[in-house]
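Chemist: As a plain string of letters, each chain reads:
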Amino acid sequence: MLIELTDIVKIYNQGEVNEVRALEGVQLSVAQGTMVCLKGASGSGKSTLLSIIGCIYPPTSGRAVIAGTQLARLPDRFLTIHRRQTIGFIFQHFNILPRLSVLENIILPLMPLGFSPARRRAMAEPLLERYGIHHRRNFPAGEISGGELQRVAIARALINDPPIIIADEPTAHLDTHLSREFLATMRELKGEGKTIIIASHDPLVTEDAGLDRRYGVQDGRVTQDVC
Amino acid sequence: MFVNPWSLALCLLSGITLFLILVACKTAVKVLRHWDPAADSQRQIELESEIWLSSTLVQYGLAFQIISLLLYVLAADHFSGMLSGAMCATGALLANDYGLPLLIVKIAGMFLYGLWIVLHQLDISSEKYPLVRLKYILLLLIAPLLLADTALLILYLQGLNPDVITSCCAVIFGEGDKGAVQNLLGRMGSQTTLGFYYSWLALLFVAGFLAWRRQEIILYLLYGTAMALFFVLALHTLIAQLSSYIYAMPFHNCPFCMLKREYGYIGFFIYLPLFATAFCGVMPMLIHLCRARGILAPTVARLQKKLVAVSLFALALYAVLSSYPYLLYLFRGGEG
Amino acid sequence: MRIFLEKHLNLLDYALSSLWRRKGKNLSVFFVFTLVIFLLASFLFLTRSLLVSAQITLRQTPEITVQHMVAGRQESIPLSYMGKIEDIFGVHQVSPRVWGYKYNEVTGANITVMGLSRSPLLGEEVLAEGRFGAQGEQGWAVIGQGVLADLDLGSRRSFSFFRPDLTLKPFSVRGIFAPQSNILTYDLVITGIDDGRDLFGLDPQLATDLLVEVVNPLEIATIARKISQVLPDTRVITRPQILKTYQAVFSWRSGFAAICLISALAAFIIMAWDKASGMAPEERREISILKILGWQTPDVLMVRFWESLALALVAFVSGTILAYIHIGYFQAGLFRSVMMGWSVLRPGFDLVPVVSGTDLFLLFSLSILPYLAATIIPAWRSASVATDSALRG
Numbered sequence: 001m002l003i004e005l006t007d008i009v010k011i012y013n014q015g016e017v018n019e020v021r022a023l024e025g026v027q028l029s030v031a032q033g034t035m036v037c038l039k040g041a042s043g044s045g046k047s048t049l050l051s052i053i054g055c056i057y058p059p060t061s062g063r064a065v066i067a068g069t070q071l072a073r074l075p076d077r078f079l080t081i082h083r084r085q086t087i088g089f090i091f092q093h094f095n096i097l098p099r100l101s102v103l104e105n106i107i108l109p110l111m112p113l114g115f116s117p118a119r120r121r122a123m124a125e126p127l128l129e130r131y132g133i134h135h136r137r138n139f140p141a142g143e144i145s146g147g148e149l150q151r152v153a154i155a156r157a158l159i160n161d162p163p164i165i166i167a168d169e170p171t172a173h174l175d176t177h178l179s180r181e182f183l184a185t186m187r188e189l190k191g192e193g194k195t196i197i198i199a200s201h202d203p204l205v206t207e208d209a210g211l212d213r214r215y216g217v218q219d220g221r222v223t224q225d226v227c
Numbered sequence: 001m002f003v004n005p006w007s008l009a010l011c012l013l014s015g016i017t018l019f020l021i022l023v024a025c026k027t028a029v030k031v032l033r034h035w036d037p038a039a040d041s042q043r044q045i046e047l048e049s050e051i052w053l054s055s056t057l058v059q060y061g062l063a064f065q066i067i068s069l070l071l072y073v074l075a076a077d078h079f080s081g082m083l084s085g086a087m088c089a090t091g092a093l094l095a096n097d098y099g100l101p102l103l104i105v106k107i108a109g110m111f112l113y114g115l116w117i118v119l120h121q122l123d124i125s126s127e128k129y130p131l132v133r134l135k136y137i138l139l140l141l142i143a144p145l146l147l148a149d150t151a152l153l154i155l156y157l158q159g160l161n162p163d164v165i166t167s168c169c170a171v172i173f174g175e176g177d178k179g180a181v182q183n184l185l186g187r188m189g190s191q192t193t194l195g196f197y198y199s200w201l202a203l204l205f206v207a208g209f210l211a212w213r214r215q216e217i218i219l220y221l222l223y224g225t226a227m228a229l230f231f232v233l234a235l236h237t238l239i240a241q242l243s244s245y246i247y248a249m250p251f252h253n254c255p256f257c258m259l260k261r262e263y264g265y266i267g268f269f270i271y272l273p274l275f276a277t278a279f280c281g282v283m284p285m286l287i288h289l290c291r292a293r294g295i296l297a298p299t300v301a302r303l304q305k306k307l308v309a310v311s312l313f314a315l316a317l318y319a320v321l322s323s324y325p326y327l328l329y330l331f332r333g334g335e336g
Numbered sequence: 001m002r003i004f005l006e007k008h009l010n011l012l013d014y015a016l017s018s019l020w021r022r023k024g025k026n027l028s029v030f031f032v033f034t035l036v037i038f039l040l041a042s043f044l045f046l047t048r049s050l051l052v053s054a055q056i057t058l059r060q061t062p063e064i065t066v067q068h069m070v071a072g073r074q075e076s077i078p079l080s081y082m083g084k085i086e087d088i089f090g091v092h093q094v095s096p097r098v099w100g101y102k103y104n105e106v107t108g109a110n111i112t113v114m115g116l117s118r119s120p121l122l123g124e125e126v127l128a129e130g131r132f133g134a135q136g137e138q139g140w141a142v143i144g145q146g147v148l149a150d151l152d153l154g155s156r157r158s159f160s161f162f163r164p165d166l167t168l169k170p171f172s173v174r175g176i177f178a179p180q181s182n183i184l185t186y187d188l189v190i191t192g193i194d195d196g197r198d199l200f201g202l203d204p205q206l207a208t209d210l211l212v213e214v215v216n217p218l219e220i221a222t223i224a225r226k227i228s229q230v231l232p233d234t235r236v237i238t239r240p241q242i243l244k245t246y247q248a249v250f251s252w253r254s255g256f257a258a259i260c261l262i263s264a265l266a267a268f269i270i271m272a273w274d275k276a277s278g279m280a281p282e283e284r285r286e287i288s289i290l291k292i293l294g295w296q297t298p299d300v301l302m303v304r305f306w307e308s309l310a311l312a313l314v315a316f317v318s319g320t321i322l323a324y325i326h327i328g329y330f331q332a333g334l335f336r337s338v339m340m341g342w343s344v345l346r347p348g349f350d351l352v353p354v355v356s357g358t359d360l361f362l363l364f365s366l367s368i369l370p371y372l373a374a375t376i377i378p379a380w381r382s383a384s385v386a387t388d389s390a391l392r393g
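Protein chains in written order, with this note's numbering: chain C, 1 to 227; chain P, 1 to 336; chain Y, 1 to 393.
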């Protein structure tokens, strides 16, 4: 299994008055090359679960093995190193920096890695071509259309060639047409062996034929195949 | 003599460095009291983040210390223009009892900050942060040194006043007539001392090369100790003997004038490799202790080898650059 | 090593573009910082150029000056003292000098008149035109720029002063000092020693003081000590002493000015700290995104460092250039009075800005380092934005 979560508990502000138990004994395994959907209302623990799978922070207790690395009590520095090798993120608002150019946005994850500018461009080039944004590469990201923005976000998630793609409510701000296009891209990536985790409650996503599994998240627990 | 731009700059730098290190010490105290890698508490998360603050602060501290050392020497040179009797920086440093100790404290500080940064790099190379306590204990030990630095600076500047006659650099190593420069090494004549110095240098090269090849603790120990002694010996030889060849003046033995433009800034090219080789030469011996923490062993071993290599390179550079004026003198047959 | 360099180049690259993107926010910091550096640099450059012009001129002054002291006041010195000084081993030559002040009642200026027995004591290069009077020549004078203006000579080359008995003593101008040496020669008239005695009504066996030249400059202090032993009723002043006094006074003045400027610096640092601490939500989001995308906290800190350093360096260069122009072209208009308002020196000379590496280094330590230090903690605060904050919103 590429992602293997066992008895995951996450408690925020442990031992303080504002303690929050976000996850309570979550079990979840995701095989490589599958596409999985997490469905849950806000406050259900879905974002926390995504953050743990995404190596943003470690669980309070339990075993979390992501792409062969056990996350438990890994310092932030090493989580970050693991994250940038393993995970590609696509955010709800795409989180593209509007004042940087399209190309600069896409190569952001490469900046601290010590790749030369030429190498960075060479890595971005195929993605710009593939997602049809090559002609836009020097435009400020704030000035391009929503569809293009979405493709910039996808290209950025892929620049490090990570085995896992995490998308958090990716279609929340897209029309049906763009949402379909997005799902098609995800299916394509799945076909190339990427593992895809989508958190969404958009029926268009949760009903998608490319999904291998659907999980519900409720009150900090994961329920099997609710959809 | 505080009312002077140089004094102000020195005080300002000292104050800033003290502030930075005290802030870092606050983190040190927190880490030593509350560090718990097993906890997932807010406090632990904050501590992990504060590690970056403290390491940045110490790195700035090191940079500031290097700059303030240079500033101090240049300031002394500037002060010598106002102190009757002081002909160059040495005279100004010897104008009262605090000048020289301050210089030594500043140099020692540089080495300690450097050691801390090496420990920090080792520490964060492992997921367990195995040296976290050690490095913060060291940080707490640096603080008194810095306080001493600031105190000595204030005492030194306070004791400086343009009326005191100070000895000039020609007599830094002894009293009496200018013809016989006294040596710290006793009665050995100049040729014997130089012979001893160069034999020691040769020994150092051999020890360093062996340490680099075999990477055994005993060799690191040998190289590190020999290097520490060499550092002192080198400073002494530089002041008492090699410097007069740089200045082409038999009785001018100032360790600082060579930093000035009149002598092509050659001092920088001599001191920089000397400090580098000493630091990189002593470090392998010290960090060998960290090898005991199993997970760090391979990293430490790699670093030791690298440090010895850098040290040897810097040593060679130092040997060439510091001997160059002397060799020039020998080949030109004393005409300079 | 290559990776390390590339990484830092990348971060520098990002920092510069980020600085550019936020130019509005950084503009005020930049302007104030430039101003502070400009003020500090002006003072340092001014001190240095005063010192250098003093040094240039003092190089030509006597190595040892011997004055006769009676009842704690300076009196004329008998020429018989010369022999005793000449007997001291290492003394090259002793020559008498007569000098005093002439007050110009019309303009209120005080002119220094100096009669020398040997000329030129000062080298010819300090003259803008003409020459010193020859041995035995009578009634010659070499005057400073200030005297030229004060006596309103224009193109005339002769003037007169009153003797003590109110008869007129005429002088004809043989040479004029160059403006570069104004710091010492502005209000100076040099003439022959006999003309000097004539003007001040001094006995031929007396002089105002004796100038001693030594064979080896390293022995100045030793010989000065011997003179004061042989002639206990004299005051012996050496050239190095004068230079050190000048330096101490200039340095004290610039230090005093620097203290005032340090408060400006402190105000700026507080402003910089405040600016760096205030973080727009957009900036917060950006850092959080960078961190999710795999940037470490030290990477963000490094970007912040490069930003501060770049800003500081640009301000440094701008402030320094402005200061240079201020001293060179505007003659330190802002601070002239502070630095030069003392009795002996008259503010009537051209400043030639002198930039030395050590002064720039001092300026760097006084300005850039405090600024960098002030940005560390705010930078760390911004770099420790929680990684997942972009995910939440």
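Treat each hint with caution, since some may be false.
Claimed, not checked - When the alpha-carbon atoms are kept at most 20 Å apart in a straight line, the in silico EDC-like pairs for lysine to aspartate or glutamate are as follows:
1) Lys23/Y with Glu16/C
2) Lys260/P with Asp209/Y
3) Lys7/Y with Glu16/C
4) Lys26/P with Glu50/P
5) Lys102/Y with Glu6/Y
6) Lys30/P with Glu16/C
The hints are simulated quantities; they were obtained by calculation from the structure and are not laboratory data. Model, not experiment: these values are computed from the prediction.
Chemist: Evaluate each hint against the coordinates.
Modeler: Results of checking the hints against the structure:
Distance restraint check for Lys23/Y and Glu16/C: the Cα-Cα separation of roughly 42 Å exceeds the 20 Å cut-off, and the hinted pair is therefore not satisfied. A hinted pair counts as satisfied when its Cα atoms are at most 20 Å apart, and Lys260/P with Asp209/Y does not qualify at roughly 38 Å. Using a Cα cut-off of 20 Å, the hinted pair Lys7/Y and Glu16/C is violated, with the two alpha carbons roughly 40 Å apart. Under the criterion of a C-alpha separation no larger than 20 Å, the hint pairing Lys26/P with Glu50/P is consistent with the structure, at around 10 Å.
With a C-alpha separation of about 72 Å, the suggested pair Lys102/Y and Glu6/Y falls outside the 20 Å cut-off, and the hint is violated. Taking the CA atoms of Lys30/P and Glu16/C, the gap is about 18 Å. The hint holds against a cut of 20 Å.
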